[in-house]
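Letter by letter, the sequence shown follows residues 212 to 309 of my numbering.
Derived from the structure by calculation, the hints contain no laboratory data.
Don't be surprised by glycine CBs; every beta carbon is placed ideally from N, CA and C.
Heads up, a few of these hints could be off.
With beta-carbon atoms standing in for the labels, derived distance ranges [what the hints assert, rightly or not]:
1) 223 x 280: 16 to 22 Å
2) 254 x 225: 33 to 39 Å
3) 254 x 219: 14 to 20 Å
4) 279 x 223: 18 to 24 Å
5) 229 x 282: 26 to 32 Å
6) 280 x 221: 26 to 32 Å
7) 258 x 226: 26 to 32 Å
8) 263 x 225: 24 to 30 Å
9) 219 x 284: 24 to 30 Å
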Amino acid sequence: ISGGLPARAQSLVTSLVSGGLAELHPRGGVVTERATSRLLTGGRAHPGLYALGDLAAGSLFFTFGLPSIVDRAHDIVQAISAGDGPSLPATEDAVLSA
């Protein structure tokens, strides 16, 4: 597994992918739900599993720079504070429009 992932994240991402908890995004990083940054596999969001920064690059297209990191962190905190809900089906169109 490479996909533009930081070297230190390789073993974590390999473990998540092997365990069915993450999918590699074709443009880099792992597949995430745009509104919450939760990890997605097969269109399903995983409560409690989030990606930030380079790990979310493929889904979010722009993840670097402090303002972007702060915005994503805020979205994650909001999702956690809201109870993170059950895993829900998500289509790519729904994810992209969020």
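To see whether the hints hold, each was checked on the structure:
no., hint, in the structure
1, 223 x 280: 16 to 22 Å, "holds (18 Å)"
2, 254 x 225: 33 to 39 Å, "violated (22 Å)"
3, 254 x 219: 14 to 20 Å, "violated (28 Å)"
4, 279 x 223: 18 to 24 Å, "holds (21 Å)"
5, 229 x 282: 26 to 32 Å, "holds (30 Å)"
6, 280 x 221: 26 to 32 Å, "violated (21 Å)"
7, 258 x 226: 26 to 32 Å, "violated (18 Å)"
8, 263 x 225: 24 to 30 Å, "violated (18 Å)"
9, 219 x 284: 24 to 30 Å, "violated (19 Å)"
In this structure, the earlier hints numbered 2, 3, 6, 7, 8, 9 are contradicted, and the remaining ones agree with it.
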